[in-house]
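**Q** Sequence:
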Amino acid sequence: MQARPPTEIAFVLQEARDKVIARIQHAASTRADFTGLASPQLLAVSKTFPAESVLALAQSGQRDFGENYVQEAVEKLIACRQANPALDLCWHFIGPLQSNKTRLVAEHFDWVHSVDRLKIAQRLNEQRPPELHPLQICIQVNISKESTKSGIQADEVPELALALIKLKGLKLRGLMAIPQANDDPSAQTSAFAALRECLLAANRVLGPDDQMDHLSMGMSADLELAVAQGASWLRVGTAIFGRRVVQSTTDADSTN
Numbered sequence: 001m002q003a004r005p006p007t008e009i010a011f012v013l014q015e016a017r018d019k020v021i022a023r024i025q026h027a028a029s030t031r032a033d034f035t036g037l038a039s040p041q042l043l044a045v046s047k048t049f050p051a052e053s054v055l056a057l058a059q060s061g062q063r064d065f066g067e068n069y070v071q072e073a074v075e076k077l078i079a080c081r082q083a084n085p086a087l088d089l090c091w092h093f094i095g096p097l098q099s100n101k102t103r104l105v106a107e108h109f110d111w112v113h114s115v116d117r118l119k120i121a122q123r124l125n126e127q128r129p130p131e132l133h134p135l136q137i138c139i140q141v142n143i144s145k146e147s148t149k150s151g152i153q154a155d156e157v158p159e160l161a162l163a164l165i166k167l168k169g170l171k172l173r174g175l176m177a178i179p180q181a182n183d184d185p186s187a188q189t190s191a192f193a194a195l196r197e198c199l200l201a202a203n204r205v206l207g208p209d210d211q212m213d214h215l216s217m218g219m220s221a222d223l224e225l226a227v228a229q230g231a232s233w234l235r236v237g238t239a240i241f242g243r244r245v246v247q248s249t250t251d252a253d254s255t256n
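Per the working numbering, the sequence shown starts with residue 1, numbered consecutively.
I should point out that these hints are in silico values taken from the structure, not numbers from a laboratory. The structure displayed is predicted, hence computed values, not measured ones. Treat each hint with caution, since some may be false.
Computed Cβ-Cβ distance ranges for the label pairs, DEER-style [claimed, not checked]:
(1) A38 <-> P158: 14 to 22 Å
(2) S190 <-> P129: 23 to 31 Å
(3) K171 <-> E15: 29 to 37 Å
(4) F11 <-> R63: 15 to 23 Å
(5) T30 <-> R204: 36 to 44 Å
(6) K166 <-> F11: 46 to 54 Å
(7) S147 <-> E15: 35 to 43 Å
(8) Q59 <-> G207: 26 to 34 Å
In silico BS3-like pairs for lysine-lysine, Cα to Cα no more than 25 Å straight-line [stated by the list, open to error]:
(9) K19 <-> K101
(10) K101 <-> K171
(11) K101 <-> K119
(12) K168 <-> K145
(13) K119 <-> K166
(14) K119 <-> K171
(15) K101 <-> K166
(16) K149 <-> K101
(17) K145 <-> K119
(18) K119 <-> K168
Where is the CB? At the ideal position from N, CA and C, for every residue including glycine.
With the hints as extra help, turn the sequences into a complete structure.
**A** Structure representation (structure tokens):
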């Protein structure tokens, strides 16, 4: 099969992105005013897709990209920087993070959505190069209480949040969750609402300068429900890049 030319790939990706942006904007136009929460925006999940796909989508104005696998992601973002040094992309790590991979994340990423224990946060803080801005952090919450999912319990969030704000190489920004897959919209809505309430509860124990303003929740199939409950980062991959080959990694198929 003949490969598509880069211009055609860019057009297809831009068209897919435009459709997702339209869905987000439509959902946002009817949602309640959640004071203090950031506006919803697209986080394009590019895991397993090559740097060429990222660069093609960037032509449409997309700047925020999400990755799950550290080694693959670092090679990809370096390739993007070498291909276009003037292109200012923002890289988000959204997958499970092991202690032996924190240095690469601390050195190369702008955001981490999957912090679920203080040890990982401390390593990221220690390994963040001082010349870079603080690493933006979301705490991952196991909102559906699934034994197979990463994340802390909702009632543990305030304690971890209070510990994280003391780490000057990091900036606590919000919460992330991957609710249990469910065909019932009311169940998904309840999970998203629970994460929002979790953020509000944690904010009550944080000072005015440490208030969290981001909810990383919602994917290709349920982004409208997430936006309605206050989502700011919509982690969308399949609806833009298409189906991917899933690697055998915990939570690998459940972040977009």
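**Q** State for each hint whether it applies.
**A** Here's how the hints hold up against the structure:
| no. | hint | verdict |
| --- | --- | --- |
| 1 | A38 <-> P158: 14 to 22 Å | holds (20 Å) |
| 2 | S190 <-> P129: 23 to 31 Å | violated (41 Å) |
| 3 | K171 <-> E15: 29 to 37 Å | holds (35 Å) |
| 4 | F11 <-> R63: 15 to 23 Å | holds (19 Å) |
| 5 | T30 <-> R204: 36 to 44 Å | violated (28 Å) |
| 6 | K166 <-> F11: 46 to 54 Å | holds (48 Å) |
| 7 | S147 <-> E15: 35 to 43 Å | holds (40 Å) |
| 8 | Q59 <-> G207: 26 to 34 Å | violated (41 Å) |
| 9 | K19 <-> K101 | violated (35 Å) |
| 10 | K101 <-> K171 | holds (19 Å) |
| 11 | K101 <-> K119 | holds (13 Å) |
| 12 | K168 <-> K145 | violated (30 Å) |
| 13 | K119 <-> K166 | holds (13 Å) |
| 14 | K119 <-> K171 | holds (16 Å) |
| 15 | K101 <-> K166 | holds (22 Å) |
| 16 | K149 <-> K101 | holds (19 Å) |
| 17 | K145 <-> K119 | holds (21 Å) |
| 18 | K119 <-> K168 | holds (15 Å) |
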